[in-house]
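Protein sequence lines correspond, in order, to chains U and Z.
Going by my numbering, the first residue of the first sequence is number 1, and it counts up by one from there.
Going by my numbering, the first residue of the second sequence is number 296, and it counts up by one from there.
No lab work stands behind these hints, which were simulated from the structure alone.
In this text, a Cβ means the ideal position worked out from N, Cα and C, and glycines have one as well.
Certain hints may be false.
[Said to hold, decoys possible] As a list, the in silico DSS-like pairs of lysine-lysine whose alpha-carbon atoms are at most 30 Å apart:
1) Lys33/U to Lys70/U
2) Lys33/U to Lys387/Z
3) Lys205/U to Lys297/Z
4) Lys5/U to Lys438/Z
5) Lys297/Z to Lys33/U
6) Lys263/U to Lys360/Z
7) Lys297/Z to Lys5/U
8) Lys70/U to Lys391/Z
[Claimed, not checked] Just so you have them, the derived chain U footprint on chain Z, three or more residues with Cβ under 8 Å:
9) 307-316
10) 348-361
11) 375-384
12) 408-415
13) 453-466
14) 482-490
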Amino acid sequence: MSEVKGTGRVKRGMAEMLKGGVIMDVVNAEQAKIAEDAGAVAVMALERVPADIRAQGGVARMSDPDMIEKIQAAVSIPVMAKARIGHFVEAQVLQSLGVDYIDESEVLTPADYENHIDKWDFTVPFVCGATNLGEALRRINEGAAMIRSKGEAGTGDVSNAMQHMRKIGGEIRRLSSMREDELYVAAKELQAPFELVKEVAQAGKLPVVLFTAGGIATPADAALMMSMGADGVFIGSGIFKSGNPAQRAAACVKATTFWNDPKVVADASRGLGDAMVGINVADLPVPHRLADRGW
Amino acid sequence: MKVGVLALQGDVREHVSALAACGISPIEVKRPEELSEVDALVLPGGESTTISQLCEIFGLFEPIKARISGGMPTYGSCAGMILLADEILDAKEGQKTFGGLDITVRRNAFGRQVDSFETDIDFADGSDELIRAVFIRAPWVEKTGSEIQVLAAVDAHPVAVRSQTLLATSFHPELTGDHRIHRYFIEQVAKPALEKVK
Numbered sequence: 001m002s003e004v005k006g007t008g009r010v011k012r013g014m015a016e017m018l019k020g021g022v023i024m025d026v027v028n029a030e031q032a033k034i035a036e037d038a039g040a041v042a043v044m045a046l047e048r049v050p051a052d053i054r055a056q057g058g059v060a061r062m063s064d065p066d067m068i069e070k071i072q073a074a075v076s077i078p079v080m081a082k083a084r085i086g087h088f089v090e091a092q093v094l095q096s097l098g099v100d101y102i103d104e105s106e107v108l109t110p111a112d113y114e115n116h117i118d119k120w121d122f123t124v125p126f127v128c129g130a131t132n133l134g135e136a137l138r139r140i141n142e143g144a145a146m147i148r149s150k151g152e153a154g155t156g157d158v159s160n161a162m163q164h165m166r167k168i169g170g171e172i173r174r175l176s177s178m179r180e181d182e183l184y185v186a187a188k189e190l191q192a193p194f195e196l197v198k199e200v201a202q203a204g205k206l207p208v209v210l211f212t213a214g215g216i217a218t219p220a221d222a223a224l225m226m227s228m229g230a231d232g233v234f235i236g237s238g239i240f241k242s243g244n245p246a247q248r249a250a251a252c253v254k255a256t257t258f259w260n261d262p263k264v265v266a267d268a269s270r271g272l273g274d275a276m277v278g279i280n281v282a283d284l285p286v287p288h289r290l291a292d293r294g295w
Numbered sequence: 296m297k298v299g300v301l302a303l304q305g306d307v308r309e310h311v312s313a314l315a316a317c318g319i320s321p322i323e324v325k326r327p328e329e330l331s332e333v334d335a336l337v338l339p340g341g342e343s344t345t346i347s348q349l350c351e352i353f354g355l356f357e358p359i360k361a362r363i364s365g366g367m368p369t370y371g372s373c374a375g376m377i378l379l380a381d382e383i384l385d386a387k388e389g390q391k392t393f394g395g396l397d398i399t400v401r402r403n404a405f406g407r408q409v410d411s412f413e414t415d416i417d418f419a420d421g422s423d424e425l426i427r428a429v430f431i432r433a434p435w436v437e438k439t440g441s442e443i444q445v446l447a448a449v450d451a452h453p454v455a456v457r458s459q460t461l462l463a464t465s466f467h468p469e470l471t472g473d474h475r476i477h478r479y480f481i482e483q484v485a486k487p488a489l490e491k492v493k
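Next up, chain U with everything else stripped away, as it sits in the complex (with noise of 0.2 Å):
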């Protein structure tokens, strides 16, 4: 019997498990506590939020390797961490500290501007940002085992995520309406590989775990997302940027999980606090937009 360690199988099966969840982003082990205890599936472990990363300003790198044992010795639920688009290094870092996820993300600041990380020659699986299916696919096609839409991070201003995740969908949708003579051109205008663009073609849906991010602050948010199409979500500041991080990470719990019942959403939406304050993306400058980092 032998044994193979990092299979494609074992990456997307990984994600598989934590569809209808909520992954969290936390920068500490009390906040890892407190998501576990809310019924988090995963969480993030970062250094700061995005919404404090936006705010502070400069380069955001991958966080100390002691912080993040700190929090893998805290919760037994996945660990996943964020490396900089790029930087196959910190990736290596991640992995050899045993994360269970790494995040090749656009909330840190880039490490290469035309590259990204080669996923092929990891055992741990990535997710990786996406605005469109051509993104996803050329992620995919990099060897990411799992696709989040990107919204805009640290704003808590949903209508990126929801415009990421309609193009996905509609792009899927526009995919299975055609003949297949018409994929190569459909491949062409995507530019992603034909392989895997019949492959979506064929199946209506990505070959990995399609999860949403970047603006989700809300139960209401989380159950919006759901119903356009999302396995499950993740939720960076909105949780601990909010008044009542407890509460409001377990009413995001629920209403994920009953997306198409409005009654336990408006349950879990009642008595939260504040929610995080917010930035309207409209008014962000071009170049602050995280969501265009990444191509």
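Let chain U serve as the given structure and place chain Z on it in line with the hints.
This is chain Z only, laid out in the frame that chain U set:
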């Protein structure tokens, strides 16, 4: 036979299609009313802590526990195995399980995701053919009671076990497109158990 898949979180869709391939039209169980409609239940892979918490919040925990101890045939993969175990090790503080299987299960026993693997295993359903098994942050069985039958093991750790009415695997047969384990659950566990009740 009406089979349900607990659908609060996890790889519900994969279990639904594996059961469909065995000629069953399963329903998704999210509420106590839906539970009362089913004769048998599948507990999917996912996060066991999340699933048991959601069960408690939405009033499913005690009903499922009662049905299982009342003899409802149930199959759990990975997180589902943890939920069926009478005792768990390396659990989150205060983590509860439905129990019913007289086993002690260690969570994430094979390690973190970087240690997740696939391999061929010998499954004791009478066939000589090996089964491709996918282990993801998988648990293993550390102790089994006298009534428990071990159906497969990896490095001497039981990874598939059954009792009269319950079946549990550390791995995820729902991910491979090989439906032998689901068929085994329907034909060899659920049907005989339900016959007996009649």
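Checked hints:
1. Only pairs whose Cα atoms come within 30 Å are accepted, and Lys33/U paired with Lys70/U is accepted, the gap being roughly 11 Å.
2. For the hint linking Lys33/U to Lys387/Z, the alpha-carbon distance of about 10 Å falls within 30 Å, and the restraint holds.
3. Annotation: proposed proximity of Lys205/U to Lys297/Z holds, straight-line Cα distance about 28 Å (limit 30 Å).
4. In summary, the hint linking Lys5/U to Lys438/Z is supported, as the alpha carbons are separated by about 26 Å, within the 30 Å threshold.
5. At most 30 Å may separate the alpha-carbon atoms for a hinted pair to count; Lys297/Z and Lys33/U exceed this at roughly 38 Å.
6. Under the criterion of a C-alpha separation no larger than 30 Å, the hint pairing Lys263/U with Lys360/Z is consistent with the structure, at around 26 Å.
7. Between Lys297/Z and Lys5/U the CA atoms are separated by roughly 37 Å; this puts the pair beyond 30 Å, and the hint is violated.
8. Of the pairs offered as hints, the one joining Lys70/U and Lys391/Z holds, with about 25 Å between alpha carbons and a cut-off of 30 Å not exceeded.
9. As drawn, the stretch 307-316 of chain Z meets chain U at 3 residues by the rule of a beta-carbon pair under 8 Å; at three or more, the given contact holds.
10. For the stretch 348-361 of chain Z, the stated coverage by chain U is satisfied: 4 residues place a CB nearer than 8 Å to a CB of that chain, which reaches the threshold of 3.
11. Coverage of the stretch 375-384 of chain Z by chain U is violated. Counting CB-CB distances below 8 Å, 0 residues qualify, and the rule asks for three or more.
12. For the stretch 408-415 of chain Z, the stated coverage by chain U holds: 8 residues have a C-beta nearer than 8 Å to a C-beta of that chain, and at least 3 were required.
13. Coverage of the stretch 453-466 of chain Z by chain U is violated. Counting CB-CB distances below 8 Å, 0 residues qualify, and the rule asks for three or more.
14. Counting residues of the stretch 482-490 of chain Z whose CB lies closer than 8 Å to any CB of chain U gives 0, so the stated coverage by that chain is violated, three being the minimum.
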